[in-house]
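Engineer: Here the protein sequences line up with chains A and B, keeping their order. Heads up: the first sequence at position 82 corresponds to 99 in the numbering used here, and the numbers run straight through without jumps. Heads up: the second sequence at position 22 corresponds to 162 in the numbering used here, and the numbers run straight through without jumps.
It is worth saying that the hints were derived from the structure and are not from the lab. Heads up, a few of these hints could be off.
Okay, derived cross-link-like pairs now, DSS-like style, lysine-lysine, Cα gap no bigger than 30 angstroms in a straight line [what the hints assert, rightly or not]:
1. A:Lys74 x B:Lys246
2. B:Lys189 x B:Lys201
3. A:Lys74 x B:Lys189
4. B:Lys209 x B:Lys246
5. B:Lys209 x B:Lys189
Listed below, chain by chain, are the residues.
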Amino acid sequence: IAGITQAPTSQILAAGRRMTLRCTQDMRHNAMYWYRQDLGLGLRLIHYSNTAGTTGKGEVPDGYSVSRANTDDFPLTLASAVPSQTSVYFCASSPEANYGYTFGSGTRLTVV
Amino acid sequence: AQSVSQHNHHVILSEAASLELGCNYSYGGTVNLFWYVQYPGQHLQLLLKYFSGDPLVKGIKGFEAEFIKSKFSFNLRKPSVQWSDTAEYFCAVNARQAGTALIFGKGTTLSVSS
Numbered sequence: 018i019a020g021i022t023q024a025p026t027s028q029i030l031a032a033g034r035r036m037t038l039r040c041t042q043d044m045r046h047n048a049m050y051w052y053r054q055d056l057g058l059g060l061r062l063i064h065y066s067n068t069a070g071t072t073g074k075g076e077v078p079d080g081y082s083v084s085r086a087n088t089d090d091f092p093l094t095l096a097s098a099v100p101s102q103t104s105v106y107f108c109a110s111s112p113e114a115n116y117g118y119t120f121g122s123g124t125r126l127t128v129v
Numbered sequence: 141a142q143s144v145s146q147h148n149h150h151v152i153l154s155e156a157a158s159l160e161l162g163c164n165y166s167y168g169g170t171v172n173l174f175w176y177v178q179y180p181g182q183h184l185q186l187l188l189k190y191f192s193g194d195p196l197v198k199g200i201k202g203f204e205a206e207f208i209k210s211k212f213s214f215n216l217r218k219p220s221v222q223w224s225d226t227a228e229y230f231c232a233v234n235a236r237q238a239g240t241a242l243i244f245g246k247g248t249t250l251s252v253s254s
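Starting from the given sequences, assemble the full structure and let the hints guide the process.
Structural biologist: Here's what the structure looks like:
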């Protein structure tokens, strides 16, 4: 079934540890995105990539990095996790930047 | 910069009641508009979208939305809600020419009692 796969589904992480959230899509979409969802704040864009090989910063990029080595994969890395990064992280993709998104099932991350 | 405002944080309705969720955006140029729904414990799913043409758009599950350009609004409506519509609803917008990422509102939680 075509779609987006995120891993892990959930994770408890010690503060200061490095963590990579994985996101893979099989729809050959050009654009990919990472959002975090927090209660009362909705979804906020962390980083995006309009096409393989390019990335850009969103609204809340600090403490996160991404790479886009190929069309299918868009990993999100927390270099040194802090408790404020406790959130639900959603990866999304779209054929082009102006289209609607397909979302992954999310990763629930707790930093303690 | 674009922004999206959803007026209602939490709406509580009885089954068969009519629903209207407000959404306003701020951006001076041409926009694409979306409504997404998130059922409890699930990821976001597209309800409907507006790119151009007829400002009244129909989506899945009986939802519709009307784009009123003069009011910068894109309100979501449903004539008769069901218990299964209990979910969180997000309005989103992006600037068409700029090809920017979607900006989401903070969401409206809809609780429908049977």
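Engineer: Of the numbered hints stated previously, which ones are contradicted by the structure, given in increasing order?
Structural biologist: none
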